[in-house]
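Please build the complex by placing chain B with the ligands on the supplied structure of chain Z, with the hints as guidance.
From first to last, the protein sequence lines stand for chains Z and B.
According to my numbering, the first sequence is numbered sequentially starting from 1.
According to my numbering, the second sequence is numbered sequentially starting from 377.
There's no promise every hint is true.
Listing some non-contacts, in silico: residues in chain Z with all C-beta distances to chain B over 12 Å [to be verified]:
no., residue
1, 211
2, 229
3, 240
Derived coverage of chain B by chain Z (criterion: at least 3 residues anywhere in the stretch with Cβ under 8 Å from a Cβ of chain Z; other residues may be distant) [said to hold, decoys possible]:
no., stretch
4, 506-519
5, 535-547
Hints were generated in silico from the structure; no laboratory data involved.
Each residue gets a CB set at the ideal place from its N, CA and C atoms; glycine is no exception.
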Amino acid sequence: MTDKAQIAGTPSILVRGIGLDIRKEAVFRMAFRMNRKANYSLLEADDHQVPDVAIADLDSPDGLAEADKFRKENPGIPLLATTVVPNSFPQFVTLTKPIRMETLFPALEQLLRPSPMTRELPLQQPAEPVEQVQNTAAAATPAKLSTSVQQPPPAREKPSFDPNQIEFFDPEQGLLALVQRAIRDQIPVGIVDRRNGRLLWRILPEQGKVDASVSMEEAQAIFREGEENLVLRDGASFADNDSVHSMTVTEYLWQIHAIAADGRLSKKIPLNRPVKLRRWPNLTRLYPLPEALRLAAFLARSPASPALTIRMLQVQPQALLNFLAAADALQLLEYSPASGVASEPAIPSSTLAEAQRPSPAKRGFLGRLLAKIAGL
Amino acid sequence: MREDNKIVFTGPVGAGKTSAISAISDVPIISTDAKASDMTINRKGHTTVAMDYGILHLGDKSKVHLYGTPGQERFDFMWDILTSGGLGLILMLDNTRPNPQKDMHFFLHAFKDYIADVPVVLGISKTDLNPRPNTADYAKMLAEVSQDLHMLNPVPPIFEVDGRNKEDVKNLVMALLFSIDPGLGMLP
Ligand SMILES: Nc1nc2c(ncn2[C@@H]2O[C@H](COP(=O)(O)OP(=O)(O)OP(=O)(O)O)[C@@H](O)[C@H]2O)c(=O)[nH]1
Ligand SMILES: [Mg+2]
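For reference, chain Z alone in the conformation it holds in the complex (with noise of 0.2 Å):
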């Protein structure tokens, strides 16, 4: 940690643990490691210097009567107490437990300064702690602190989205239609292309696994130069030379679904009535489609119709309709206005967006971190 080496330099203040057990002295040297502000160092049972504070577990078996006795022996050392009923010890200056950081450092500090200590310590004012506790609360609640965002949301881009333009597609007709069939009955099938008889897809609905002898980037190809082109099969084999890899029918179904939406809305999902994530897909373990994350983020969080999806997000409206086809393939949409869905809120989409966002700071940290993290 580089901010402890501005302080390396500095004498280290010596605790003395009382009545802490092994695991609880471990935590105590991490929060030491972690204050950057004075150079605290928990002594071992068998270092005898003088500590500068001691620092006591009054709830552990013998807490209460070391801590007594390291008193009598140490009368001019301070000693924190820590506990969950300060009341039931009023001779002590307590810590009520959970023990923070927030609340730690700054305790240790009252009880340092007015000691008669002989050597300087390396304390501030206590001005940081206080400024740490309002970071605190502000990042765990990231929601909540845009309502004090004054500044006017940023003019944004009109995404490139024109709904008249969007195409749709039938999924309970034609290939994907026959594909959920033979799920639902559980009869093995192959799906084979007419054109020269090579099997493509074998599909096990009893072992819930489907072999493939084709990637997601030439099933796409396939698809796009005919669906009429494929045909179910029963009893085709696939090649000798075919490189065969099995899935699971989840895993084929999101894919088959993505690849057969290309870009299109599914007929069953309405463009403008809220559709709402009812649970996130498997997302480590299916094949990735652009944006899958965010999507699933966003419509787990709130129902939105495709078009106010697509306005909020600024999200390729291609992504979103391969998303949507994908997830209702796997029954993880909830759309129907019948089922209890909240009719889309009235609000203009714009505010909407800036009212569900942190703060442009924080939006800025994040996004980092997000960049570093994808590109690990």
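Frame of chain Z; chain B with the ligands shown alone:
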């Protein structure tokens, strides 16, 4: 140090917390050892006695602290130190444990105040050793377990992960960030 720049990894013993932090940390992770006063580099096969600590540097001198809690359930004392403020919670559950629902219940309730303010993400590990329950089952468990909780994100990401796999861990963290703000990283 800005206290709010931290992500907390929690979960039962052996769920992969230490592995996950190691997979993405910019520095060799520091594990707090019970005996030694010095930082010790964590070795595989060890249980974390107190805490794990890793860092992500963001280039502009700011950084994100990655903390792992110990798996043992009785040390909630430490979690209080760890969880004042922060970006969110990553709960890792081990699919080979006898009762993952009980683990989920325990950890979500142990962090109930925290996850009222920050999002939580669930990573299910060791599905290579035991494929069931699956993520759909976990979503059902969550509905039962979280009835008395007020979660900032009541529909959290639930992903299968291998704690040793960097891509999986990256996805967990990115899902956490998008849960804070789905608009992150888009044009301003
Ligand atoms: N097979 C398998 N092993 C895993 C997976 N994730 C982690 N492991 C292994 O499981 C063991 C425990 O992982 P750790 O990262 O130490 O777990 P932890 O959560 O830090 O455990 P504690 O510190 O004891 O609470 C290690 O040997 C890892 O390599 C997984 O998804 N599958
Ligand atoms: Mg560990």
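Quick rundown of the hints versus the structure:
With a minimum CB-CB distance of about 18 Å to chain B, residue 211 of chain Z clears the 12 Å threshold, and the non-interface call stands. With 12 Å as the threshold on Cβ separation, the claim that residue 229 of chain Z sits away from chain B holds: the shortest Cβ distance comes to roughly 34 Å. Under the 12 Å C-beta cut-off, the non-interface status given to residue 240 of chain Z relative to chain B holds; the minimum distance is some 30 Å. For the stretch 506-519 of chain B, the stated coverage by chain Z is satisfied: 4 residues place a CB nearer than 8 Å to a CB of that chain, which reaches the threshold of 3.
Coverage of the stretch 535-547 of chain B by chain Z holds in this model, with 8 residues showing a Cβ closer than 8 Å to a Cβ of that chain against a need of three.
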